[in-house]
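Spelled out from the first residue to the last, the chains are:
2 protein chains.
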Amino acid sequence: MLFRQLYDSESSTYTYLLADLELKEAILIDPVLEQVERDLKLLKELGLSLGYCLETHIHADHITGTGKLRELTGCMGIVSANAKADCANRHIQDEEDLELGSIVVEAIATPGHTDSHMAYLVNGERVLTGDALFIRGCGRTDFQSGDAGILYDSVTSRLFTLPDATLVYPAHDYRGQTVSTIGEEKQWNPRFAGRDRENFIQFMDNLNLPDPKKMMEAVPANEKCGRKLATIE
Amino acid sequence: MLFRQLYDSESSTYTYLLADLELKEAILIDPVLEQVERDLKLLKELGLSLGYCLETHIHADHITGTGKLRELTGCMGIVSANAKADCANRHIQDEEDLELGSIVVEAIATPGHTDSHMAYLVNGERVLTGDALFIRGCGRTDFQSGDAGILYDSVTSRLFTLPDATLVYPAHDYRGQTVSTIGEEKQWNPRFAGRDRENFIQFMDNLNLPDPKKMMEAVPANEKCGRKLATIE
Chain A
1 MLFRQLYDSE SSTYTYLLAD LELKEAILID PVLEQVERDL KLLKELGLSL GYCLETHIHA
61 DHITGTGKLR ELTGCMGIVS ANAKADCANR HIQDEEDLEL GSIVVEAIAT PGHTDSHMAY
121 LVNGERVLTG DALFIRGCGR TDFQSGDAGI LYDSVTSRLF TLPDATLVYP AHDYRGQTVS
181 TIGEEKQWNP RFAGRDRENF IQFMDNLNLP DPKKMMEAVP ANEKCGRKLA TIE
Chain B
1 MLFRQLYDSE SSTYTYLLAD LELKEAILID PVLEQVERDL KLLKELGLSL GYCLETHIHA
61 DHITGTGKLR ELTGCMGIVS ANAKADCANR HIQDEEDLEL GSIVVEAIAT PGHTDSHMAY
121 LVNGERVLTG DALFIRGCGR TDFQSGDAGI LYDSVTSRLF TLPDATLVYP AHDYRGQTVS
181 TIGEEKQWNP RFAGRDRENF IQFMDNLNLP DPKKMMEAVP ANEKCGRKLA TIE
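These protein sequences, in sequence, are chains A and B.
As numbered in UniProt numbering, residues 1 to 233 make up the first sequence, in order.
As numbered in UniProt numbering, residues 1 to 233 make up the second sequence, in order.
Watch out, some of these pointers could steer you wrong.
Unchecked claim - Residues from chain A that keep clear of chain B, each with C-beta distances beyond 10 Å, as calculated:
id, residue
1, Asp8
2, Ala81
3, Cys87
4, Arg90
5, Asp97
6, Ala109
7, Gly124
8, Gly146
9, Gly176
10, Glu184
11, Glu217
As the list claims (entries may be wrong) - Facing chain A, a subset of chain B residues (Cβ under 10 Å, in silico):
id, residue
12, Met1
13, Gln5
14, Asn199
15, Ile201
16, Gln202
17, Lys214
Said to hold, decoys possible - Facing chain A, according to a computed beta carbon distance under 7 Å, are these residues of chain B, among others:
id, residue
18, Tyr7
19, Glu10
20, Pro163
21, Thr178
22, Ile182
23, Glu217
In short, the hints are calculated from the structure, not lab data.
Even glycine gets a Cβ: it sits at the ideal position worked out from N, Cα and C.
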């Protein structure tokens, strides 16, 4: 399997490229609209066709590249079960697998940042945690039907129960960190280590973060698979 | 072996952490002064002591964290042979190995960006290319005794002769790319693919780049292993 981590510095978003090198087919997870050209160039150079674009959730801080990539490559757009995106080709359910040759991507329902967030476990060895779990952090829970208690349950019961050696690849990082492990996060993530559910809820409720700059544009666009409203109407 | 790629967004620099998990000892390659606190925290959390700080070259775009890390941890500072840094504990020669438990780091003289630049091949499987080779790019050659012809020779005769599957980890990236391979760079790096030595020299001679913002501060500081002049005098 080929695995590549790609970064969008404007939104601090990680996009992941998985590919089966025999099939020469790829999956992009959480592509970013502004990076579509970069990602297509890389696919072309690696001799890969794009089978799927997969979203961990409906993003509020960037517009997904899925719509444009689907238009240009004919790939399938996959979103999590219950995500409000009728435009998607497929909704993936909790514990359902997306298979591509030697690659098995298992969906793990991890709501809390949004009400329909999924993490994806790749070949049992690395988990793309989206905005549920960051390296020494986690996604916010104060909009898009977010819920701190539910996020606490998702992280502690669905992610922290994976083997300690499982590699953690988040959808964002703001401090130059690229990878961690479940064992490390259980021990050192300051949002969860040594906090019970109540304490976590209280902490998250007092973050008082400003809305993401692109939120008013990004959420409705992402509910249309990343097509900007002006383009559609 | 533990391997971590860390990023400094201000200077777009990658720092690499290598560690032998039995010895619980680590090497940092190209640490950045402003990230010393982050790096020390990570070492502490991973239960690692810092054995060595290793530089690919005397940097012009950021101040190395080596001086501060050496002061705080007692690690050894290693620079490449001929690098003007008398403060270093050791100068590493071309083809010399730095060994730490299960880790073997082989120095590969790759001058051209500077006259004393080294790449480092880690356990024969991944090469930290410093500023000699970037993902689809390369370091500039217009200061610090840089020489485009010599860089062309370094890259084509010392790096592109490594096995195609060797992973390429550069010291900088400006487009959100984290890793490549020698095979990919031979085929797709626009600075080298399809260019002969003369054509490369001509191309590099016409880049007309502005000096790095921190150059006047960084070069003299890095010749003192990263201690700012004001601190020393």
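Each hint tested on the structure:
A beta-carbon of chain B comes within 10 Å of the beta-carbon of Asp8 of chain A; the shortest separation is about 6 Å. With 10 Å as the threshold on Cβ separation, the claim that Ala81 of chain A sits away from chain B holds: the shortest Cβ distance comes to roughly 30 Å. With a cut of 10 Å on Cβ distances, Cys87 of chain A stays outside the contact zone with chain B, its closest approach being about 26 Å. For Arg90 of chain A, the non-interface assignment is confirmed: its Cβ lies about 27 Å from the closest Cβ of chain B, beyond the 10 Å cut-off.
With 10 Å as the threshold on Cβ separation, the claim that Asp97 of chain A sits away from chain B holds: the shortest Cβ distance comes to roughly 26 Å. With a closest Cβ-Cβ approach of about 28 Å to chain B, Ala109 of chain A is found to remain outside the 10 Å limit, as its non-interface label requires. Against chain B, the non-interface label of Gly124 of chain A holds: every CB pair exceeds 10 Å, the least being about 20 Å. Every C-beta of chain B lies more than 10 Å from that of Gly146 of chain A, the closest at about 26 Å, which supports listing it as non-interface.
Taking the minimum C-beta to C-beta distance to chain B, about 4 Å, the non-interface status of Gly176 of chain A is violated against the 10 Å cut. With a closest Cβ-Cβ approach of about 7 Å to chain B, Glu184 of chain A is found to fall inside the 10 Å limit, against its non-interface label. Every CB of chain B is more than 10 Å from the CB of Glu217 of chain A (nearest about 21 Å), matching its label as outside the interface. Hint status for Met1 of chain B relative to chain A: violated, with the closest Cβ pair at about 14 Å, above 10 Å.
The beta carbon of Gln5 of chain B is positioned within 10 Å of a beta carbon in chain A (closest approach about 5 Å), and the interface hint is therefore held. A hinted interface residue such as Asn199 of chain B counts as satisfied when its beta carbon comes closer than 10 Å to some beta carbon of chain A; here the least separation is about 21 Å, so the hint is violated. With a cut of 10 Å, the hint placing Ile201 of chain B at the interface with chain A is violated, because the nearest CB-to-CB distance is about 25 Å. Here the hint on Gln202 of chain B is broken, as its CB sits about 25 Å from the closest CB of chain A, past 10 Å.
Contact between Lys214 of chain B and chain A, as hinted, is not supported at the beta carbon level, the nearest pair being about 17 Å apart and thus beyond 10 Å. Against a cut-off of 7 Å between C-beta atoms, the interface hint on Tyr7 of chain B holds, since the closest Cβ of chain A lies about 4 Å away. Interface hint at Glu10 of chain B: violated, since its Cβ lies 10 Å from the closest Cβ of chain A, which is beyond the 7 Å cut-off. Evaluation of the Pro163 of chain B hint against chain A yields a violated restraint, the C-beta minimum of about 16 Å exceeding 7 Å.
About 5 Å separates the beta-carbon of Thr178 of chain B from the nearest beta-carbon of chain A, less than 7 Å, and the hint is met. Restraint check, Ile182 of chain B versus chain A: the minimum CB separation of about 14 Å is more than 7 Å; hint violated. The interface hint given for Glu217 of chain B is violated, since its Cβ lies 21 Å from the closest Cβ of chain A, which is over the 7 Å cut-off.
Hints 1, 9, 10, 12, 14, 15, 16, 17, 19, 20, 22 and 23, counting from the list given before, are not met by this structure.
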